[in-house]
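Asker: Okay, here's what each chain looks like letter by letter:
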Amino acid sequence: MTDLYQRQRAMRAMRSAAIQRGVVAILDIGSSKVACLILRFDGPDRLTETDGIGSLAGQSSFRVIGAATTRSRGVRLGEIDAMAETERAIRTAVQAAQKMALVRVDHAIACISGGAPRSYGLAGQIEIDDAPVSEMDVARVLAACDVPDYGDAREILHAQPVNFALDHRTGLGDPRGQIGQRLACDMHMLTIDSALIQNLLYCIKRCDLELAGVASSAYASGIASLVEDEQELGSACVDMGGGATGVSIFMKKHMIYADTVRLGGDHVSMDISKGLQIPLNTAERIKTFHGGVVATGMDDRDMIELGGQTGDWDHDRRSVSRAELIGIIRPRVEELLEDVRTRLDAAGFEHLPSQQIVLTGGASQMPGLDVLAPKILGQQVRIGRPLRVQGLPQAVTGPAFSSAVGLCLFAAHPQDEWWDFEIPTDRHAGKSLRRAVKWFKDNW
Amino acid sequence: MRSLSRLRDPAPSRSAYKMQRLMLTPMFRFFLRIGLPVGSVLIAVAIYFGDADRREALVSGVADIRRQIEERPEFMVNLMAIEGASAEVAEDIREIVPIDFPVSSFDLDLEQIRLRAEEIDAVAGAGVRVRAGGVLEIEVKERQPAVVWRARDGLELLDAGGHRVAALAYRADRPDLPLLAGAGAHKAVGEALSLLAVSEPLAPRIRGLLRVGERRWDVVLDRGQRILLPETDPGPALERVIALDQARNLLARDLAVVDMRNPERPTLRMNQTAAETFRDSKFQDMTTKMSDR
Chain A
1 MTDLYQRQRA MRAMRSAAIQ RGVVAILDIG SSKVACLILR FDGPDRLTET
51 DGIGSLAGQS SFRVIGAATT RSRGVRLGEI DAMAETERAI RTAVQAAQKM
101 ALVRVDHAIA CISGGAPRSY GLAGQIEIDD APVSEMDVAR VLAACDVPDY
151 GDAREILHAQ PVNFALDHRT GLGDPRGQIG QRLACDMHML TIDSALIQNL
201 LYCIKRCDLE LAGVASSAYA SGIASLVEDE QELGSACVDM GGGATGVSIF
251 MKKHMIYADT VRLGGDHVSM DISKGLQIPL NTAERIKTFH GGVVATGMDD
301 RDMIELGGQT GDWDHDRRSV SRAELIGIIR PRVEELLEDV RTRLDAAGFE
351 HLPSQQIVLT GGASQMPGLD VLAPKILGQQ VRIGRPLRVQ GLPQAVTGPA
401 FSSAVGLCLF AAHPQDEWWD FEIPTDRHAG KSLRRAVKWF KDNW
Chain B
1 MRSLSRLRDP APSRSAYKMQ RLMLTPMFRF FLRIGLPVGS VLIAVAIYFG
51 DADRREALVS GVADIRRQIE ERPEFMVNLM AIEGASAEVA EDIREIVPID
101 FPVSSFDLDL EQIRLRAEEI DAVAGAGVRV RAGGVLEIEV KERQPAVVWR
151 ARDGLELLDA GGHRVAALAY RADRPDLPLL AGAGAHKAVG EALSLLAVSE
201 PLAPRIRGLL RVGERRWDVV LDRGQRILLP ETDPGPALER VIALDQARNL
251 LARDLAVVDM RNPERPTLRM NQTAAETFRD SKFQDMTTKM SDR
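Residue numbers (the working numbering), protein chains in the order written: chain A, 1 to 444; chain B, 1 to 293.
Hints may contain errors.
Claimed, not checked - Non-contacting residues of chain B with respect to chain A, defined by C-beta distances greater than 10 Å in every case (computed):
#1 D9
#2 L32
#3 E71
#4 N78
#5 R150
#6 A167
#7 A169
#8 R174
#9 L221
#10 A252
What the hints assert, rightly or not - Just the calculated beta-carbon pair ranges, DEER-fashion:
#11 B:G35 with A:G398: 41 to 51 Å
#12 A:R285 with B:P10: 11 to 21 Å
#13 A:F289 with B:L32: 39 to 49 Å
#14 B:G35 with A:A17: 25 to 35 Å
#15 A:P353 with B:L22: 51 to 61 Å
#16 B:P10 with A:T296: 35 to 45 Å
#17 B:P10 with A:D42: 26 to 36 Å
#18 B:E74 with A:L102: 50 to 60 Å
Simulated from the structure, these hints should not be mistaken for laboratory data. For each residue, glycine too, the CB sits at the ideal point set by N, CA and C.
When you get a sec, could you build the whole thing from the sequences and use the hints?
Answerer: Rendered as structure tokens:
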């Protein structure tokens, strides 16, 4: 755990170094595309440590100066599958973005959707003797959280304090300076496969970049596509990507749950490919141009040429009606949404005060999804697009880039995490001796 | 994994990626834009001139071109014109400033020429310039001789400041100039000239002024007469003598010396015969008075 603590702290130091230097790259490594944005930190809010978020929702501090996206290679289901291919894809995206920005970037903040993220709710409490809560006390209460046994091959990706309670008052955002007896905290911890993190580190290192932070893409797309009151009142963000669908639940502006459904748009393409016996590329194209999930009478007469290069005339001249296509797409999308529903139910989403669900990600652009999704997920569903940030090219403002944009916000204003606090000093011998003496004094 | 060699890999190769990043590095770009050209030029120059023969060839080539430019007819000086000087002084200057014409004006050191020309005693000041048409013009201001000084080694002409102008063979060559004599007379030419101005009424009789002991003046008149002037304020003393002379015809008498060295007590020294005559007349006066009695 200390090792991870050190590594995450090192990443935070790297992030501030990158912001000091002024240029940082954002890498969204997805199953269907790799997106790279280059941010320049030179706005008026740069390097000012303000409480909360500054002007323009904290976006005035940076500007997107380079953006590039390329087809992903070597990533399956949001996990790095072929390292060399992934490295090439990252290189392509970074090179194109650098070419657009005309600067060299040395630091990258990456997000990844796979790795079977698992959420844990942690609780811890400490006694403080009627003194104002200091930062050290916060660190101590975070350290006092009982970390469950999350397995050997897993790493903590996020560990965010989401709630503090002082005596009988709960729901405190910031307990510092308040006086009480007992400080308790709830922490949300997200773990993912450590192999994935290792692979990511390796790939990014091979591209001569330093990893200045890593985030779950479900989290990143949540902070990009949920508006502020949705984050405050409780809502879920469903990031429908190519190979995996991320689910994150936000409450009181903190992420309290994240999970991944290993289904996505690529599976739909695969189904079309298999069902219509056409190449995957053609299937992808047909899905994008003609796909949908709600069939109407018109769709029976809407014939789609499948084409082909086999040389067999009958095979190459086939055509299907759009209704047939929808008949292939819809069950898969329903399956996906039902999986999402299962995850949300498991997380206790129905207990939240507001149950807004925001669909984002590339697969959420499917026509008719806004009709289908409420039938499965409930009435409060909308299709979300990411926040507009300064300098973002029009081509990357779509919902497919919500996790990249969220990562920009994450780079500018990261949430306080466990490792942002000092290691509590009561681990030192002197402090514990003093506590022992105090215990003797109090009890004898 | 199937090789996709028929499709071009859109990803940049590792070296291309690194190269692009290198080219985006500001320091490296600066080095390429400025450091590399400057460095390569410097190295090329250093290699070229590492050879002594090439260095020499360059130096001699530059010198040759320089010579060619200097020796263009526009810059050549063909003759020397001396203005404002008498023939002898001009001759002297030509002798003391030896220049082989034609000469390039770049080779002429005008300041040096001026100093050389001013070394001549007869030259008070010289202006040297190269006039259009290749003429070296020396404008000379000659010293004007004011007095003749009979020095130990012969006659010399001095100007009003006491500076030597030229030697003089015979006093008769310059009868218009007053004569000074005595050691150190050249240091007090100004005083002498003012005395001579004062003694204007005596001018026909003055032979010259004699400096005595390098401190005071004697006015030497014809008939062996002298006026001995004091060290300080000789002018007023001389004026007194002149006034006496005009009133009483003092100097027409048979006097040898009018001694004004002590202004409180002017003294006359008579000649032998005059003294005897004076004594005789006094004696006769006395005897007539006694015989009258």
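Asker: Kindly indicate which numbered hints from before are broken by the structure, ordering the numbers from low to high.
Answerer: Of the numbered hints, just 1 does not hold.
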